[in-house]
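Enquirer: With the hints as a guide, bring both chains together as one complex.
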Amino acid sequence: MSEADVLKPLKTWSHLAKRRRKPSEYEIVSVNILYNTRDASAPYDLDPNIPMNQWYKKFRDQTALKHDDWNAFRDPYELVYRTYNMLQDGQETYVQGLFNQFNEREHDKALDPQWAGTLARLYTPARYLFHTLQMASAYIQQMSPASTITNCAAFQSADSLRWLSHTAYRTKELSLTFTDKGFGADERKYWETDPAWQGFRELMEKVLTTWDWAEALVALNLVAKPAIEETLLRKFGDVARHNGDTLLGMLTDNQLLDATRHRTWVTALVKMTLEKPGNAEVIKGWIAKWEPLAEKATQAFCAALPDVPDAAATATQGRHDFQRSLGL
Amino acid sequence: MANLGRLDWYDLARTTNWTPTYVQEDELFPPQMSGSMGIPMPAWESYDEPYKQTYPEYVRIQREKDAGAYSVKAALERSKMFENADPGWLSVLKAHFGAIARAEYSASTAEARMARFGKAPGMRNMATMGMLDEIRHGQIQLFFPHEHCAKDRQFDWAHKAYDTNEWAILASRHMFDDMMTTRGAVDVALMLTFAFETGFTNMQFLGLAADAAEAGDWTFSNLISSVQTDESRHAQIGGPLVAILIENGKKAEAQKMVDIGIWRAWKLFSVLTGPMMDYYTPLEHRKQSFKEFMLEWIVVQFERSLIDLGLDKPWFWDQFLEELDYQHHGMHLGVWFWRPTVWWNPAAGVSAEERAWLEEKYPGWNATWGTNWDVITDNLLAGKKELSYPETLPVVCNMCQLPINATPGPAWKVRDFPLEYKGRSYHFCSEGCQWCFKQEPERYAGHLSLIDRFLAGMVQPMNLAGGLKYMSLEPGEIGDDAHNYAWVEKIRTDRQKDAA
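As they're listed, the protein sequences go chains A and B. No gaps in the numbering here: position 138 of the first sequence is 138 in the working numbering, and each next residue is one more. No gaps in the numbering here: position 33 of the second sequence is 33 in the working numbering, and each next residue is one more.
Looking at chain B on its own, in the form it has when it is part of the complex (with noise of 0.2 Å):
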């Protein structure tokens, strides 16, 4: 052969930046798009991507992994997965494609806004890369669900769910719009692909891989697989910024960005994760549980990021920590009590040995969540269906748009953390999303949760119609329980047995 090697010519390809003179430096690079914070252009300059990847490189590989995950699909058609799977693993599948297929094509236009905006030119070429991903994390998670949706009417959700004020989806938009789409670059580059990316989904998706495999559900195991070494690459474009940051002294700010990030992560991840891991996965495929996932693949591994870039623990890292023993069982309760609001079947969970299993993994779990739990099963049991239904909407929360809510008990500790801003009351779940609203109250003020638009009479009639019919759920989409309440009829036979 006689083609150079790839880094005999990588730098030219990124030694594209030049000194406009037709229009101004700030014309050509706005400041409110590409979040440039006043540093000059030689130090955009020094950013050196860590991953580096050439167009030819991008175009072969990119097929090979297709290849792959297409092939793997295709085998497997006829392979009665979803026949065959519990009932809680479809579940798992639905809440994910629904919740991320459109925010993964909604991210390629943040890696457009870096491609474009950014002012490194590595930056902008690992972009455009990043770009082409996000259209590939999009079109994969929407063609492999699609097979599903003539069994199914929940998986039309896999591409409806965006289109709609269902309330999972209106928090997700919410965090996907504060944290991808209405920043500009190098806020992205922070907040997307280090915070979120690096932090949060690179992980969790070999996690999600793990337990597909787990459940026997080859295809998805496999196109998790392969999206997270698409995000492992495209993660990347973060961490050099930070090093920029901090040499031109704008630490603050990009600790600020960061901590922003990781809390509207976590929020997010403890009303999907958590109840997928903790809940919904069938009890002997959990390997770890929630808590014990994220202390080991987000905790001590984003710690280590951040102390490796020169950043801090966000100041509200041991709020965080505390909440990783009780959110998710909360968010968990709720879904499933308000389980006709989303667009798949909550699995409850809560079989005497998955209750047994999570009191073992969150010591006190019974005396706290477990009463709650008491009383639905008792109301089921007694035939009383009506009362393990909600008549009321929970208050939820101005910034991450999800119900408030805290560990149950003698020590009942839910408080709301309230804010006037300019004549108008909001509320929230923790100091955490108290603190990001302040950061930047314009941002958020004129946003209206799924509650201020009820109170405004924009959800009618005021009841929970009204509000199915405002979320776009009609019978056949709603959710119920994901295994038709058969584990209250073990129960009832659990309970006969002993008193035989």
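Bound-form chain A, shown alone (with noise of 0.2 Å):
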């Protein structure tokens, strides 16, 4: 063989060495990175026809959502582990100070006793429902088609988890001024009996049993989520703050930071999948299909809410604007 046949050092790998162009750290790390669509009649190395095959085949590979290359798609914000860590850890250090300066002048002792009732009703219960949003998230992250989405639901799941620790945290928190309100007690009981909370329990356990990949993507980003970030992040912290709970008001303002990056990195998804024909459709149509029960959801909680009579409906535009932005 001559010198010419034998392939030479590349700069970064070969896979990406096509481009000509010096790769970041990003799609160094990030592209290309599963292993698990290179043959489509097994994902993993076994018999093809074993149960875990046939589900990624027919969950992931013949969703109706269709695209020739998703290892094209980008995260807006290119988050690696390492920054991921980086940012979250700044945020993590400015809520643990809220937490700090908040408890220093004795904030919960000034909260009414009434408000408190509605925070045990209305608020703590909103950890099993953000631990629903973990467990889809990882449900996404494990069956997403591209490494680049893969993490953006991972990340999406840690930061659930972040929410819901929030949540312990004030749960505990307020358990020590309000004894006698039910403060982790009567968490389980509200989320699986109080009226409030059925809708949002009933779209999450479908959105969570729901195996199609991109319909579950859509279900959770696009519909469920935006519906509980509207109401238990924007609406409930603004009657927090008319409440005098300023504390809860910071805090979903920190997590609603979390949600935009979500909503980011999913908007980005979407308009890449618009380049083929027939996904729009698609997407509206599972969008249609979603809706209702998370209307449903996002008036029962807004009933409950105490006299703000236009809850339901702020918290619904909000998120038809979202959808909107999509560009469907």
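None of these hints come from the bench; they were simulated from the model. Some clues are possibly wrong.
To be verified - Below are the SDA-like pairs computed for lysine to any residue, each with C-alpha atoms no more than 20 Å apart in a straight line:
| hint | chain 1 | residue 1 | chain 2 | residue 2 |
| --- | --- | --- | --- | --- |
| 1 | B | Lys151 | A | Ser24 |
| 2 | A | Lys58 | B | Glu442 |
| 3 | A | Lys206 | B | Gln319 |
| 4 | B | Lys422 | A | Asn49 |
| 5 | A | Lys206 | B | Glu147 |
| 6 | A | Lys8 | B | His148 |
| 7 | B | Lys65 | A | Glu25 |
| 8 | A | Lys189 | B | Thr19 |
| 9 | B | Lys73 | A | Lys8 |
| 10 | B | Lys151 | A | Ala17 |
| 11 | A | Lys57 | B | Gly446 |
| 12 | A | Lys11 | B | Lys73 |
| 13 | B | Lys73 | A | Thr12 |
| 14 | A | Lys206 | B | Thr19 |
| 15 | A | Lys189 | B | Thr21 |
| 16 | B | Lys151 | A | Pro9 |
| 17 | A | Lys206 | B | Asp26 |
| 18 | A | Lys11 | B | Glu147 |
| 19 | A | Lys22 | B | Glu147 |
| 20 | A | Lys11 | B | Lys151 |
| 21 | B | Lys73 | A | Thr83 |
| 22 | A | Lys57 | B | Lys73 |
| 23 | B | Lys256 | B | Ala243 |
| 24 | A | Lys181 | B | Asp8 |
| 25 | A | Lys189 | B | Thr15 |
| 26 | B | Lys73 | A | Met86 |
| 27 | B | Lys250 | B | Leu311 |
Said to hold, decoys possible - On the chain B side, residues computed to face chain A include the following (Cβ under 10 Å):
| hint | residue |
| --- | --- |
| 28 | Leu4 |
| 29 | Gln24 |
| 30 | Pro56 |
| 31 | Tyr58 |
| 32 | Thr128 |
| 33 | Asp152 |
| 34 | Phe176 |
Here a beta-carbon is modelled for each residue, glycine too, at the ideal position from N, C-alpha and C.
Expert: What follows is the structure, encoded as structure tokens:
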């Protein structure tokens, strides 16, 4: 063989070298990392027909949402593991600082006991709801057809654990001031039986059992999460401020930064899928399918909010504004 | 400070199970995905992870760890480690990154399986962090070798390997897919976190970090130590599950999963870790033989973990201990002989001094494995390099996908463990691999080994060139002797001296 036939070292991975520009750290470590998309007959390298291979072939590869190259997706934030922790350690330092300062000022003692009762019923049970977001995002992580998507879903799952953790922390703290409101004891009862929560519980139980990955993504990120964020974070944060609960308002504002990031990545993914004819209809169809449950959940929760007659309308408006921004 | 302590609210953060009513429990947690074996929900809720960490602690500690590992790398970027390292050490790096980086990323999928489908809430939270850990391990073990791409085309395989049908990757994919990504949450916890991570990699990474430090590769040493600290946390996901399974009458099922995991992990270790420790690592840097390392760190420690948790030693334990004497020598001989089929340059490791070391560590090595290397050495001395290359393919095992081999010499004990299943003949290297197949034949029956593919005409043309093409190996990537046969010349000089 001649010298010319011998492969020479490249400046980067061979799969990135064709593009003739220096790859970023994000691209080096995030692009084309899954290997379960290499063989359409056997996502995993055992018998092609084992149940898990059938699961991936049916629920991932045969979804109605189509794209020729899912690996073309890029997270607009280009977050890698290293920068995710830098970002969120900074955010946690801020939030733990809030907890500290408000505790030193005896914030909870200044809260109206009636508001504390509202928190016990309408705020602290949210740890169950946030946990469903954590679980549902972990499903998107394991089923998505490109590593640039699975990374976003993994960070989203971890962010949901973050929201859950804040809620658990505040539950404990509130229980120290308000010993008779059922903090730390009654959350599961409210989550399972209180009419305010049943809409969101029904929505998330059904999202969690949606196995088609693209429908699960649309139901979670384009419908359920926006509904939950507009209601539980934005609207309830406003209500908190109006009830002298400055801490909760600042906490939900911080959590909304995560929500904004989640909307940004999924918006970029939706935009990429719109390159292919037919996908807009598929996405719109799924949104239409899931909207009634989200609307019912929003209405049920907002009906329980004290003295905020337009809560459901503004929460719904916020969700629809986001959906409209997708350009479907 | 007026912040709550972590344990004040930790339990609340893992009290998240509820009773679904809009869907059935088996719909929310399909038995196939959760691996729950009919054990009732309250039993899963008794799960208590021994390593407790909260989200704010996680992002702080992990940020600090990355700051450490990346700054060591940055500081040593101009250190000439690559230029000064023994070629055998570079082979360790190439083999390690190629076989491991993207498999670690795939483990994030397995962790996500537990985060979604585990029925124990504490397990779901720990697995959420485990999912992030494995993204870290994939990303950091791609970022670090990437700097070497421009110096050596074989480093491209740190990324490329898993996109190919290279035989060692076929074996790795088959093993990792069997224990990580194709099973329910409980099985993943038992096989990946307990059998593989607790049993093997947690300890192996400590050993590898020490070897790297010996070899002067501080960047890699630091990287591997840092990865190991994550493993030592998320490897503990499986342990508490064993107790729940035993209490609920599922000891046999737990034992089986763990046994399959151990056997399969052992086989992969015998082809990757064994040759690295006993042949590639320069002699002066070897602290322990592979067998000594396995006995001290894996066998003793793991035996204790198994017994502590209420499990038994696997039925194949004696055979496993017996294989510690020979299996990796055969794997190494095979890898070196078929060296064009790997993406690293295997170090032969059979100079006179190295052979003396091997004989000391493995009495009888010269009279057995040594005789094969005598033939190779004599051919190379005689200038007949072509005779040191393979003309045929080895028979590979239908479970571990590795060449079937045993100790050569007068007591030649190599044998095939065949099995007929639904009209097809399968070949196994050992009773252990055959046993794994028999436990659930449908998991493996439709898989074709590299040799099955060759015989089915899927590898064209049917010769070494066709095989290399099938494995996506081209000149510039294919392996050759790590030291460019310098050890043969040393032997020649020594013999000439002796003759004089």
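Enquirer: So, for every hint listed, does it hold in this structure?
Expert: Here's how the hints hold up against the structure:
Distance restraint check for B/Lys151 and A/Ser24: the Cα-Cα separation of roughly 19 Å lies within the 20 Å cut-off, and the hinted pair is therefore satisfied. About 19 Å separates the Cα atoms of A/Lys58 and B/Glu442, which keeps this hinted pair within 20 Å; it holds. For the hint linking A/Lys206 to B/Gln319, the alpha-carbon distance of about 49 Å lies beyond 20 Å, and the restraint is violated. Proposed proximity of B/Lys422 and A/Asn49 is supported: the alpha carbons are some 15 Å apart, at most 20 Å.
Our distance criterion of 20 Å between C-alpha atoms is broken by A/Lys206 and B/Glu147, whose separation comes to about 46 Å. Restraint check for A/Lys8 and B/His148: the C-alpha separation of about 13 Å stays at or below 20 Å, so the hint holds. For a cut-off of 20 Å, the pair hint linking B/Lys65 to A/Glu25 stands: about 18 Å separates their Cα positions. The straight-line distance between the Cα atoms of A/Lys189 and B/Thr19 is roughly 10 Å, inside the 20 Å bound, and the hint therefore holds.
This hinted pair does not check out: B/Lys73 and A/Lys8 have alpha carbons roughly 25 Å apart, beyond 20 Å. Among the hinted pairs, B/Lys151 with A/Ala17 is consistent with the structure: their alpha-carbon atoms are about 15 Å apart, no more than 20 Å. At roughly 16 Å between alpha-carbon atoms, A/Lys57 and B/Gly446 fall within 20 Å of each other, so this suggested pair holds. Taking the CA atoms of A/Lys11 and B/Lys73, the gap is near 18 Å; set against the 20 Å cutoff, the hint holds.
For the proposed pair B/Lys73 and A/Thr12, the alpha carbon gap of about 18 Å is at most 20 Å, so the pair holds. As the CA atoms of A/Lys206 and B/Thr19 are separated by approximately 14 Å, the hinted pair is consistent with the 20 Å bound. Between A/Lys189 and B/Thr21, the direct Cα distance comes to roughly 13 Å. Compliance with the 20 Å bound is thereby established for this hinted pair. For the hint pairing B/Lys151 with A/Pro9, the CA-to-CA distance comes to about 6 Å; that is within 20 Å, so the pair holds.
At most 20 Å may separate the alpha-carbon atoms for a hinted pair to count; A/Lys206 and B/Asp26 meet this at roughly 13 Å. With a CA separation close to 8 Å, the supplied pair A/Lys11 and B/Glu147 stays within the 20 Å bound. The suggested pairing of A/Lys22 with B/Glu147 holds, with an alpha-carbon distance near 12 Å, which does not exceed 20 Å. The suggested pairing of A/Lys11 with B/Lys151 holds, with an alpha-carbon distance near 8 Å, which does not exceed 20 Å.
For the proposed pair B/Lys73 and A/Thr83, the alpha carbon gap of about 17 Å is at most 20 Å, so the pair holds. Under the criterion of a C-alpha separation no larger than 20 Å, the hint pairing A/Lys57 with B/Lys73 is inconsistent with the structure, at around 40 Å. For the suggested pair B/Lys256 and B/Ala243, the alpha carbons sit about 15 Å apart, so the restraint of at most 20 Å is met. With a C-alpha separation of about 18 Å, the suggested pair A/Lys181 and B/Asp8 falls inside the 20 Å cut-off, and the hint holds.
Distance check on the hinted pair: A/Lys189 and B/Thr15 sit about 12 Å apart at the alpha-carbon level, within 20 Å; holds. For the proposed pair B/Lys73 and A/Met86, the alpha carbon gap of about 18 Å is at most 20 Å, so the pair holds. Taking the CA atoms of B/Lys250 and B/Leu311, the gap is near 11 Å; set against the 20 Å cutoff, the hint holds. At its closest, the beta carbon of B/Leu4 sits 6 Å from a beta carbon of chain A; the interface hint therefore holds under the 10 Å criterion.
The beta carbon of B/Gln24 comes within 9 Å of a beta carbon in chain A, closer than 10 Å, and the hint placing it at the interface holds. About 4 Å separates the beta-carbon of B/Pro56 from the nearest beta-carbon of chain A, less than 10 Å, and the hint is met. Checking B/Tyr58 against chain A by beta carbon gives a least distance of about 8 Å; that is within 10 Å, so the hint holds. Interface hint at B/Thr128: satisfied, since its Cβ lies 5 Å from the closest Cβ of chain A, which is below the 10 Å cut-off.
For B/Asp152, the shortest C-beta to C-beta distance to chain A is roughly 6 Å, which falls under 10 Å, so the interface hint holds. Given the 10 Å rule on beta carbons, the hint for B/Phe176 holds: about 9 Å separates it from the nearest Cβ of chain A.
Violated hints, in rising order: 3, 5, 9 and 22; the structure is consistent with all others.
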